[in-house]
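Protein chains: 2
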Amino acid sequence: MPFWLATFAVRVPSPTASAAQSDLVAAFRRRIAEVNDLSALGGEALVPLVVDGARVGELRASLASELGERWPDLFRRDPDRDVLALAPSLSDADARTAAVAGVTAALRDDGTFSKGWRDELCAVGAAFYAPPAFSIERACYPAFGVKGYGIHVNAFCVDPSTGERQLWVATRSRQKSTWPGMLDNLVAGQQPAELSLYQNVVKEAGEEAGIPEEIARRAKSVGVCSYRGVDEWGQLKNDVLFCYDLELPWDFEPVAVDGEVEGFERWDLDRVAAAVATGANNAIGEFTSYKPNCNLVVIDFLVRIGWLSADAPGYLQLVDELRQGDCR
Amino acid sequence: MPFWLATFAVRVPSPTASAAQSDLVAAFRRRIAEVNDLSALGGEALVPLVVDGARVGELRASLASELGERWPDLFRRDPDRDVLALAPSLSDADARTAAVAGVTAALRDDGTFSKGWRDELCAVGAAFYAPPAFSIERACYPAFGVKGYGIHVNAFCVDPSTGERQLWVATRSRQKSTWPGMLDNLVAGQQPAELSLYQNVVKEAGEEAGIPEEIARRAKSVGVCSYRGVDEWGQLKNDVLFCYDLELPWDFEPVAVDGEVEGFERWDLDRVAAAVATGANNAIGEFTSYKPNCNLVVIDFLVRIGWLSADAPGYLQLVDELRQGDCR
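Top line first, the protein sequences correspond to chains V and Y.
Residue 132 in the numbering used here is what sits at position 129 of the first sequence, and the numbering runs on without skipping anything.
Residue 301 in the numbering used here is what sits at position 298 of the second sequence, and the numbering runs on without skipping anything.
Any given hint could turn out to be false.
Only pairs whose alpha carbons sit at most 20 angstroms apart, straight line, appear in this in silico EDC-like list of lysine to aspartate or glutamate [unchecked claim]:
id: 1; chain 1: Y; residue 1: K223; chain 2: V; residue 2: D26
id: 2; chain 1: Y; residue 1: K240; chain 2: V; residue 2: D323
id: 3; chain 1: Y; residue 1: K223; chain 2: V; residue 2: D323
id: 4; chain 1: V; residue 1: K118; chain 2: V; residue 2: D234
id: 5; chain 1: V; residue 1: K223; chain 2: Y; residue 2: E167
id: 6; chain 1: Y; residue 1: K223; chain 2: V; residue 2: D271
id: 7; chain 1: V; residue 1: K223; chain 2: Y; residue 2: D271
id: 8; chain 1: Y; residue 1: K206; chain 2: Y; residue 2: E217
id: 9; chain 1: Y; residue 1: K223; chain 2: V; residue 2: E167
id: 10; chain 1: Y; residue 1: K223; chain 2: V; residue 2: D273
id: 11; chain 1: V; residue 1: K223; chain 2: Y; residue 2: D273
Incomplete in silico selection of chain Y near chain V, CB under 8 angstroms [to be verified]:
id: 12; residue: Y201
id: 13; residue: P215
id: 14; residue: E217
id: 15; residue: G226
id: 16; residue: V243
id: 17; residue: A313
id: 18; residue: V322
Treat the hints as calculated values from the structure; they're not laboratory data.
We put the beta carbon where it would ideally sit given N, CA and C, even for glycine.
Could you build all of it, start to finish, from the sequences and the hints given here?
Here you go:
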């Protein structure tokens, strides 16, 4: 046998890279793929929306064409690069916001944006820490492919008798219009411009789970997940989730303050992992899954605490796929 | 004031996003940029090396041209895509390894690969968990832009009196040819094909720090860092670092078994963060920095345990930049 053949040896499976671990990794990667699925576009291209040379969103090619044709003074399809640029004459955020508001109102009246109009403006910018380029009605956010930012909190506690971590799992209200009855992180919310991330975590922890401020302030930022896909309502999601860990006292019980949950339960991590992989019974005994983007936050938690073996085939890709969206 | 102006409010700095945190994030990003620096190429393109349609490495355009011209039966510059393909007639790993060995020996005799010849073959493949496409002399690894894989362990302990984590820091031997006297992770090593990652962690923990197997087996895989850059010796590094955390007992003292370190010290995380950002005195009192790629592993540790505030400008980019290389 040539001396170099040793390098071809098959990697010896690690004691912790069992078949079960390999199955988990494969199932987790399928969950990540669900929120990164662009197949609902049917092959239609996405055209970047550019302000002052910086990309602030993206639109289906058909909508980009429509905007360029109906409002040629406001939107310009760049002949060289396939981008839609907001007219440079709109030189500040106020001017852009007013101009875009006229466009979105016309599209609403046409029926293009028929659902979920809220008269609530959201900031649109080139990057999270940069000043917004303009603001746009929240209902139009996905159609303009604007990056969305949210905070998601893994609230866990440590069983004092075993030292094992358990994760709090919320069951979403069956009355919610989106993902009713599905599993959720204990605390999660969209990021408004007027709060810091940390302030938003503390606020949402109080509103969604009755967590007192002095406990919520123990939350720690532990990383980021991102994804880009079209959801089941055809909306383009281009989101960044800021992940927080919050250790709750063993005797603390979350309270559903705002009526958006059916109940809270504390699960061991085997059950959590199985819920991500294949589903589990929620707090009212229905078999369900996590709300799709929450899977990423839970998987990230399981990766960070060492729940998965790097020797399980696909682990490297799994970790990488947790941040498939732009982190801007 | 128009109703929508509220969305333009400047984000309120979080209590934990101090100026010091912002400075840390900026300094950490500079460290990450150091190992992702391709400027030493002087603008020369990198040409993918392809086997059976899969990319297994990349070469400077000048070397790719030389290989295609001198060994046209073995290497083919694809006329349509700018890639260098190994001839399909080399249909298995043995044949490719033998053919490439002839090429690298000729380049060694020419002086192209004059340094560090080891008569040691390393596997070259399209992905970590895939069988290797062929093997190549280790000294030629960087010139062929082959992905390198390593394990890096954050060995820490928890101060029983305060509950605070401290990180073990190694000072590299001053006799080492690479990065003498610089700071290092307690345990780190290249990944050989014949071991699992976990087995390699346990083996290196014993060899590099005298950690008994029963303790080393507590190591947990907690994520991945990656980078792609040209190092100070002009070598292209295209590496994936598998990160492990290992909590050591408070009374455990590492032992320099293989003579590759000057000493070990246990540092509080303020000192560790400062060492990454600006440098620190090593175990023999010299002011130095971490070995460049170790910075990523320590930064990833600090992110995961919540040492940094997501509100610090650049945090989102920092987290993303920890995996700038391909994770294949």
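Could you work out which earlier hints the structure fails to respect and list their numbers in ascending sequence? The structure conflicts with hints 13, 14, although it agrees with all the remaining ones.
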